[in-house]
Amino acid sequence: MVGYGRATAALETRSMGGYERTPGGTNLGQTTPGGGAGPGAVGKQTLTEQVTPQAKPDPVKEITDLLSGHAAGGAAAAFDRLKALDEAQQTSVITHLSPALRGKLAHGIQKNAATGDTAHEVLRRCFDATPTGEVDTLCRWTALRFDLAVTSTSDSSGAPWDKRGLRRCWDVLQMLPAAHVADNKDLKSLTRYRSGSVEGWASDDGEAAIGYGSSNNIDTLNETGDFTDAKDPLRGKNMFDATVRHEIGHRVDAGVGGPAYTASDNGGGWKTWDGSHGMAERIVTASGGKISSWSDATEKKAIVACLQGVIDDRVPNEINTRLAALSFVAKHATDAAQQTKLDDIKGDHAVSALRVAFSHQAPWDLPTGGVKLGDRIFQESYDWPQWVSYKQDSRAKKFSRYQFRAPGEWFAEAYATYYQPPGDKGALMKGLDDTTKTWFDAHVDPQHGAGGTTPKSGTKNGTTATSGATPTPTSGAPASAPKGAGGP
Amino acid sequence: MVRKRALCLVQAALLCAACGKGLQSRTSEGSNGPGTVAADPAGPASANTKGSTQMASTEADIATVQGAIAKEIRVSPDDVKVRPLHVSVPGITVFTASVHPAKAGRGVTRTGIVEGGSIYVETEAMSRVARAWGYGARRAVPATTVAQVFGALHNAAAESSPFIDDDTVQTYKSVSGPRRAAAVAMPVEATVDGLPAVVYYLTSSSRGTPFSEVTAIVHPDFQIELRVQPVLED
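In the order they appear, the protein sequences are chains A and B. Just so you know, we're using the numbering used here here: the first sequence kicks off at 23 and counts up by one. Just so you know, we're using the numbering used here here: the second sequence kicks off at 10 and counts up by one.
Calculated directly from the structure, the hints in this document are not laboratory data. Since the structure is predicted, the reported quantities are computational estimates derived from the model, not experimental observations. What you were told as hints is all true, and nothing was included just to trick you.
List of simulated lysine-lysine pairs, PhoX-like, C-alpha gap at most 20 Å:
1) B/Lys112 x A/Lys210
2) A/Lys293 x A/Lys419
3) A/Lys368 x B/Lys182
4) A/Lys394 x B/Lys182
Simulated coverage check for chain A against chain B, where a stretch passes if three residues somewhere in it have a Cβ under 8 Å from a Cβ of chain B:
5) 174 to 184
6) 243 to 257
7) 376 to 382
Cβ atoms here follow ideal geometry from the backbone N, Cα and C, with glycine treated the same way.
The following block holds chain A by itself, in its conformation from the complex:
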């Protein structure tokens, strides 16, 4: 009898002496209940055959028995048994289990029993062999692999995962460092919500949510210009995969010092204000235009207050009417001097900047980012509101346009770019933003840039990946596609 590695003592006591682990595996579809000869064996038998009947191993039955029993630890024992089988047998066993027993196995395994490269490989085979309709079980395999809750989002937009989305998530997550996924205390759940497009969000309480709909072909949907310019590194990359990396990036950001880097000139020189208080004054000052040097202090105060009102109320379309209502220009239609004043106000770049600076106007999507004030772009990044400014010239080394929505988006897009397969980590940053690549190597990636973006078979979150490994595309790949791929 050939030993089979990691079988536990408990397993051996249940295995009736085990079975031969032969190349190519056992044909699990041909069971022989009770052992002995199968159908057609009636007739002459030797004495020896009668005395020493060989119980043909039946892993399906054994694992079914383990899972069907009421004893505690049945699932753990079954998983240990499963790990001892060869790859084909593992797949066959999972395939032959009933849906209920597959679910019982998945839910009965504890996380601490599902660690290590071997367990991770088995989990993936379990996932691949689980039918598409068993979503709960598929989520559980994924949860075990990455130590995350894998569910729908908790709000009303929540939607059940499906196998295609989980498979792509798996392929993406396994090539990220374990420190960013399974071992990341800032990442607790991977959730799905219903959406007509591929998108996502991440929350401060550790949720990374992915949105997509049934009409989105996530295996072939590449970025074609919604968020990138033609030369941006993320152009042409798989949208779903990049979105998953992006949302994970949000949950990595704070833990690796992202906020400090994005505040530095190399990271865009971002400044952030939670709320809109004082933004008009800052914008007027940054503009250095006629408003900032307005000779009448009372009028200047009124102008700034007017612009602050536009900012607070978030109504760029009302700039003209509100400015025109200022008392000292209210008669501009008939008073040339007042018209001149009004023209001076409206001609200030601070006013022009405000016209296109609000989050619902997506100023980050503009090639310029908006109207530059000094060397900076000021914009409302989110509607709650959050205001930011950044150095406009940093757009010259952008990875996507969306990167310039907010410092957190800057980091998340950089993260998605850094871990974009194939090839070396940060390969897409080289020559475009070497400083940021170097910073990611030093501060973000636990392997300091080594290891490449494609884990070889048997690795845990890419920790032993081979640098520059050739990726295996998985676009449209079947359920049994080899792990370690996932690039567009």
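Since the structure of chain A is already known, use the hints to place chain B on it.
Chain B only, in chain A's frame:
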């Protein structure tokens, strides 16, 4: 990420945020049939003529939105900031609502209308607005007003902004790429397949809605058909 749906129950209404673009809108129970709601012939200019009744209604509608979103994302109603759109639509409050991430863990945005205590979103909401205006062959309100409301309702889970101010159009031209600069313009009335329509341009905070040309076609039963054409620079 555009979503559409209409629901009767307030707490269920914001489920609409989960629906994918292209899903068929559902009609609310008790919804008014075409023409049963009188249009305000004065259009937006009558916004200040409704007095305290209108104000009370708006306040109630705001409370409705706060309650629905609070229940949806499990925050206090006070955490939901609701901004009514200052456009007159008889019997309807058009809103944008947001929740600070400090309260919800993430930023949450919702847009829609409140009519009769129920929340509607996207094309269903637009349809109800069109019916309230009596918008059709008789262009009851200017194209700019149609764009202002329809643009705001474009996406139930993200703010969108139509171009309705010429200075903003000109500024946008000066800072955008050549294709968008050439395209962007003020809203205009149009006729599509013999039906009244309005063509306008919008931007959105949603990653899934780039700068786009939108043609909103108003069918005789006030159903709204949107034809959205993103304008990309390459």
